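A.B. asks: These are the residues of each chain, in order.
Protein chains: 2
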Amino acid sequence: MKSTTQAPYARVKHFLKDGLASGQWVPGDQMPSEAELVAQFAVSRMTVGRALRELQAEGLVTRVQGVGSFAAHLSRVSSTLTIRDLHDEIVARGHTHQANVVLSRAEKAGASLAAQLGLKSGAPVFHTLIVHSENGVPLQCEDRYVNPACAPDYLQTDFQKTTPTQYLLTVAPLWEAQYSIEAGSPTAQEAQLLGIGAHDPCLIVVRRTINRGVPITLARLVHPGTRYQISGAFKP
Amino acid sequence: MKSTTQAPYARVKHFLKDGLASGQWVPGDQMPSEAELVAQFAVSRMTVGRALRELQAEGLVTRVQGVGSFAAHLSRVSSTLTIRDLHDEIVARGHTHQANVVLSRAEKAGASLAAQLGLKSGAPVFHTLIVHSENGVPLQCEDRYVNPACAPDYLQTDFQKTTPTQYLLTVAPLWEAQYSIEAGSPTAQEAQLLGIGAHDPCLIVVRRTINRGVPITLARLVHPGTRYQISGAFKP
DNA sequence: TAGTGGTCTAGACCACAGC
DNA sequence: CTGTGGTCTAGACCACTAC
Chain A
1 MKSTTQAPYA
11 RVKHFLKDGL
21 ASGQWVPGDQ
31 MPSEAELVAQ
41 FAVSRMTVGR
51 ALRELQAEGL
61 VTRVQGVGSF
71 AAHLSRVSST
81 LTIRDLHDEI
91 VARGHTHQAN
101 VVLSRAEKAG
111 ASLAAQLGLK
121 SGAPVFHTLI
131 VHSENGVPLQ
141 CEDRYVNPAC
151 APDYLQTDFQ
161 KTTPTQYLLT
171 VAPLWEAQYS
181 IEAGSPTAQE
191 AQLLGIGAHD
201 PCLIVVRRTI
211 NRGVPITLAR
221 LVHPGTRYQI
231 SGAFKP
Chain B
1 MKSTTQAPYA
11 RVKHFLKDGL
21 ASGQWVPGDQ
31 MPSEAELVAQ
41 FAVSRMTVGR
51 ALRELQAEGL
61 VTRVQGVGSF
71 AAHLSRVSST
81 LTIRDLHDEI
91 VARGHTHQAN
101 VVLSRAEKAG
111 ASLAAQLGLK
121 SGAPVFHTLI
131 VHSENGVPLQ
141 CEDRYVNPAC
151 APDYLQTDFQ
161 KTTPTQYLLT
171 VAPLWEAQYS
181 IEAGSPTAQE
191 AQLLGIGAHD
201 PCLIVVRRTI
211 NRGVPITLAR
221 LVHPGTRYQI
231 SGAFKP
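Just so you know, the protein sequences line up as chains A and B, in that order.
For the first sequence, the UniProt record's numbering assigns the number 1 to the initial residue and increments by one for each residue that follows.
For the second sequence, the UniProt record's numbering assigns the number 1 to the initial residue and increments by one for each residue that follows.
Just so you know, the hints here were simulated from the structure itself, not pulled from any lab data.
Note that the structure is a prediction, hence the values are computed from the model and not measured.
All residues carry an ideal CB built from backbone N, CA and C; glycine is no exception.
You may find that some hints are simply not true.
What the hints assert, rightly or not - EDC-like cross-link-like pairs, simulated, lysine to aspartate or glutamate; straight-line CA separation at most 20 Å:
#1 B/Lys161 to B/Glu176
#2 B/Lys17 to B/Glu34
#3 A/Lys161 to A/Asp143
#4 B/Lys17 to A/Glu176
#5 A/Lys17 to B/Glu176
#6 A/Lys161 to A/Glu182
Claimed, not checked - Selected chain A positions facing chain B (in silico; Cβ < 10 Å):
#7 Leu60
#8 Val64
#9 Phe70
#10 Val137
#11 Ile181
#12 Gly184
#13 Thr187
#14 Pro224
To be verified - Calculated from the model, a selection of chain A residues having no Cβ within reach of chain B, i.e. all distances over 12 Å:
#15 Phe15
#16 Asp18
#17 Pro32
#18 Glu34
#19 Arg63
#20 Val67
#21 Thr96
#22 Gly110
#23 Gly122
#24 Pro138
#25 Lys161
#26 Glu182
#27 Gln189
#28 His199
#29 Val205
#30 Thr226
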């Protein structure tokens, strides 16, 4: 497929996208029906159907069976937030990554933690505290609890070579995650480990990962506000 | 389509998803070819093609023409970050939203700002500073610059009723955005407007919006760390 | 050459909404 | 009833990769 000769479904898709971008159809407007597009572009219904289905998946079009296709209301603009493994992220920048394992042991879960990992209060959990550095500068303090049932060999991992995220992806593909991102102050220990002041702003990501309904891990990732940011783009 | 009787393409898709979730295919493994799935499920190639194409769009499968389909490496886990309009977000929680317009005027753009908005240095830009409150509590300080060419009537908007985001969506659908999220301290003015201490951690989102290659607006959104967080989920 | 994915067609049946 | 989208089929041609 040459770049100058797009596939028919792509031509239909771009035609509709252009119309949306130029305001030809404003949110709520009814868009051409599949039959109209079939006639206009002299293609089969499968082809225009694919174009519309992909636009729907991208959130640009709303379709209702028996009614029609409509320009979507874009009051919610969704972007793609990519949570990369920190090791990959650092290496991709051409820098060196170093992990300092502060703590790695089994503990008894408190009530709150047990609830979040789907365990009974007092059940054993794995706990690691690792400081990740980029070119020697502390970038993230990773405080993580792991459900032993999902990763019995977790504590035997050499976290200097394999990040917990990488290891956990091998034992259980990541199929569901809840996260929250907020700004806050580090704990006294975190401030010391990261080499920052007790009141320096930090970007804190809390992430809970679940595989097939079973909670795997709960992580609190603390980053110095001056050294780390999350960035991304929204491109329809 | 009954919930107990899935569409064929969905059955194929779930079969492959289950296999990936259970580790039947680990990242890098070759998955069944279209022809094999056609035989196994007794469906047409279009149907298995759709299943595989959607899995590819979800980032779970990598496909290479002439080679095959493979379980994707999930080192990058992408989630969907939804940037909702703050007004909608507050109203959705059943709370009241109030906007306090601190500043609304035209200014001359400095070099850096002009560059980011694609203007000449010294060209006029619209500048608004609005404090958004939820149930009377300041939640966001919105410092925004707007390209006058894209929204000539911007300053005539009643920001008590319509947020800048809502207005800008009407004059130009949002087609591209770059954002960064970081933790930092507020400026002295922001601290005062938000009613927080000068060193309280804040979640700062900087967003630049572009429509059809033309920069529309640049916004700095400062939120008190104790009152605001971004949350979301990753669900394949 | 054989196997893979990428795409298209022409028609079909169904479910649903509105008149 | 008509018009809409939701889905499927059976076969086809092409481009690419590997051998």
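A.B. asks: Now tell me if each hint is right for this structure.
C.D. replies: Here's how the hints hold up against the structure:
1. For the given pair, B/Lys161 sits about 25 Å from B/Glu176 by alpha-carbon distance, which is inconsistent with the 20 Å threshold.
2. About 15 Å separates the Cα atoms of B/Lys17 and B/Glu34, which keeps this hinted pair within 20 Å; it holds.
3. The suggested pairing of A/Lys161 with A/Asp143 holds, with an alpha-carbon distance near 17 Å, which does not exceed 20 Å.
4. Distance hint between B/Lys17 and A/Glu176 is fulfilled; the C-alpha atoms sit about 13 Å from each other, no more than 20 Å.
5. A hinted pair counts as satisfied when its Cα atoms are at most 20 Å apart, and A/Lys17 with B/Glu176 qualifies at roughly 13 Å.
6. The straight-line distance between the Cα atoms of A/Lys161 and A/Glu182 is roughly 29 Å, outside the 20 Å bound, and the hint therefore fails.
7. Evaluation of the A/Leu60 hint against chain B yields a held restraint, the C-beta minimum of about 9 Å falling below 10 Å.
8. Restraint check, A/Val64 versus chain B: the minimum CB separation of about 15 Å is more than 10 Å; hint violated.
9. Given hint, A/Phe70 at the interface with chain B, is violated; its Cβ is 14 Å from that chain's nearest Cβ, farther than 10 Å.
10. Annotation: A/Val137 was flagged as interfacial toward chain B, and the flag is violated, the nearest CB pair being 16 Å apart, outside 10 Å.
11. Restraint check, A/Ile181 versus chain B: the minimum CB separation of about 4 Å is within 10 Å; hint holds.
12. Taking 10 Å as the C-beta cut-off, the interface hint given for A/Gly184 holds, the closest approach to chain B being about 5 Å.
13. With its C-beta approaching chain B no nearer than about 13 Å, A/Thr187 sits outside the 10 Å limit, and its interface hint is violated.
14. Proximity of A/Pro224 to chain B holds as hinted, the smallest CB-CB distance being about 8 Å (cut-off 10 Å).
15. A cut-off of 12 Å between C-beta atoms confirms that A/Phe15 is not in contact with chain B; the least separation is 15 Å.
16. Not every CB of chain B is more than 12 Å from the CB of A/Asp18 (nearest about 9 Å), against its label as outside the interface.
17. Listed as a non-interface residue, A/Pro32 keeps its Cβ farther than 12 Å from every Cβ of chain B; the least gap is roughly 18 Å.
18. With a closest Cβ-Cβ approach of about 16 Å to chain B, A/Glu34 is found to remain outside the 12 Å limit, as its non-interface label requires.
19. Consistency note on A/Arg63: stated as away from chain B, and its beta-carbon is indeed over 12 Å from all of that chain's, at 15 Å minimum.
20. The Cβ of A/Val67 sits about 17 Å from the closest Cβ of chain B, beyond the 12 Å cut-off, so the non-interface label holds.
21. Every CB of chain B is more than 12 Å from the CB of A/Thr96 (nearest about 18 Å), matching its label as outside the interface.
22. Look at A/Gly110: its CB is around 22 Å from the nearest CB on chain B, clear of 12 Å, so calling it non-interface holds up.
23. The beta carbon of A/Gly122 is kept farther than 12 Å from every beta carbon of chain B, the shortest such distance being approximately 29 Å.
24. The claim that A/Pro138 is not at the interface with chain B holds, since no C-beta of that chain comes within 12 Å of its own (minimum 15 Å).
25. Interface exclusion of A/Lys161 from chain B stands, the closest Cβ pair being 15 Å apart, more than 12 Å.
26. Interface exclusion of A/Glu182 from chain B breaks down, the closest Cβ pair being 4 Å apart, not more than 12 Å.
27. At roughly 17 Å, the least C-beta separation between A/Gln189 and chain B is larger than 12 Å, which holds for a residue marked as non-interface.
28. Against the 12 Å criterion, A/His199 falls within the reach of chain B, whose nearest CB is about 5 Å from its own CB.
29. Non-interface call for A/Val205 relative to chain B: violated, since the shortest CB-CB distance, roughly 9 Å, does not exceed 12 Å.
30. Not every Cβ of chain B is farther than 12 Å from the Cβ of A/Thr226; the closest lies at roughly 7 Å, contradicting the non-interface assignment.
The structure shown violates the earlier hints numbered 1, 6, 8, 9, 10, 13, 16, 26, 28, 29 and 30.
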